[in-house]
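Going down the list, the sequences are from chains A and B. Each residue of the first sequence is one higher than the one before, starting from 1 at the first, in full-length UniProt numbering. Each residue of the second sequence is one higher than the one before, starting from 1 at the first, in full-length UniProt numbering.
Calculated directly from the structure, the hints in this document are not laboratory data. Even for Gly, the Cβ is constructed at its ideal location relative to N, Cα and C. Just to be clear, a hint being listed does not mean it is correct.
Just a few of them, taken from the derived set where beta-carbon distance is under 7 Å, the chain B residues facing chain A [claimed, not checked]:
(1) 43
(2) 46
(3) 59
(4) 63
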Amino acid sequence: MSEQAITRLGVVGAGTMGTALATLAVGRGLPVVLVDVDDAVLDRARDNVAQQLRLAQLMGRLPRTARAGELVTTTSVDALADADAVIEAVTELPEVKAKVLAEVSAAVRPGTLLVTNTSAIPVDEQADWTARPEELVGIHFMNPPYLIRTVEVIHGPRTGQAARDRTDALLAVLDCEGVVVGDGPGFVINRILQRMINEAARIVEEGRATPEAVDAVFQGCLGHRTGPLATADLIGLDNVVDSLRVLRERTGDLGYEPCDLLVAKVAAGDHGRKTGRGFYEHGEAQS
Amino acid sequence: MTTSTPQHTNSEIEQHVLRFIEQHTKKSWDVDTDLFASGAVSSMFALQLVMALEKTFDISVAGDDLKLDNFRTVTAMVALVRRLRDEDSGE
Chain A
1 MSEQAITRLG VVGAGTMGTA LATLAVGRGL PVVLVDVDDA VLDRARDNVA
51 QQLRLAQLMG RLPRTARAGE LVTTTSVDAL ADADAVIEAV TELPEVKAKV
101 LAEVSAAVRP GTLLVTNTSA IPVDEQADWT ARPEELVGIH FMNPPYLIRT
151 VEVIHGPRTG QAARDRTDAL LAVLDCEGVV VGDGPGFVIN RILQRMINEA
201 ARIVEEGRAT PEAVDAVFQG CLGHRTGPLA TADLIGLDNV VDSLRVLRER
251 TGDLGYEPCD LLVAKVAAGD HGRKTGRGFY EHGEAQS
Chain B
1 MTTSTPQHTN SEIEQHVLRF IEQHTKKSWD VDTDLFASGA VSSMFALQLV
51 MALEKTFDIS VAGDDLKLDN FRTVTAMVAL VRRLRDEDSG E
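Next comes chain A alone, as it looks inside the complex:
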């Protein structure tokens, strides 16, 4: 199959990334079906998409005057039957992704592009959870995707040419720049970034530096726009811990074992910006 236009997108999971991906797509004029198991989460997502659209337009990252794509929210995966591509953006837990990918691949037409927005689980491992492994590709969008154009694209060893072509078509519609990298735990960014966040948190845990000091040296000395702990708060500490566990289990490298401070913050509900507190105080919870 040659490259085909993407005219309708499905997004599964209306958390931080799923909502922001819906914002990116509707902001580019693409109709979106956003699926989640929780009606209250979907209601909140609708409000957040409206707010994020304005933020992206304010920043000049999405068109200000173009007509936005329609956003449909639903708890039924059957609503994905007409989608040309579906992005899963559910929690970074293998058992959750396995269940969702199986359900989605059963609900969509053959030939529909399936995208995992996983942080760290290898694409080929996830291909086993789908009905048609050749239709699965990995696209690791950054947070927030409506402000950051560049994405990691991961072709698994079984990803077919049609899916690769459709990935290019999807990225074109979304005005994203894809960088193709190899499959494996954490791909490029998270294999490095999650380890860095873990070490930064461990330094704070040991009392060797404050979060402000850790981030200040990365910003001031290395020119990073944000330090690792501010980045962790943006990602969500729950996602960081989940990703570290995925990396630890798949690499055998003890350096990925989430440090006690990260685990304690997640247990206390301090997940970063999304809950209003992580390594920093953020005031109100932010989407």
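We have chain A already, so just place chain B on it with the hints.
The following block gives chain B in isolation, referenced to the frame of chain A:
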């Protein structure tokens, strides 16, 4: 439904905007300082500014007006509010 909204002088708009920014940044600002170049405020704060101005001055910022340049300085924000208020009242 017709609602009447109080008229604000440029000085009142300026004082209101300055107060809002200073409450959030805990520092004083010159009306012509670029808020975003300073690194003291985030893009999320920019959206909070938009929403605060809309609510306080009963305006709607949309289309080509929804750009960061309109919110870089207090002076730019006063000009935007003034223009949108005047357009709304047909002046």
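Hints, verified against the model:
1. 43: holds, 6 Å
2. 46: Holds, because the Cβ-Cβ distance from residue 46 (chain B) to chain A comes to roughly 6 Å (cut-off 7 Å).
3. 59: violated, 14 Å
4. 63: holds, 5 Å
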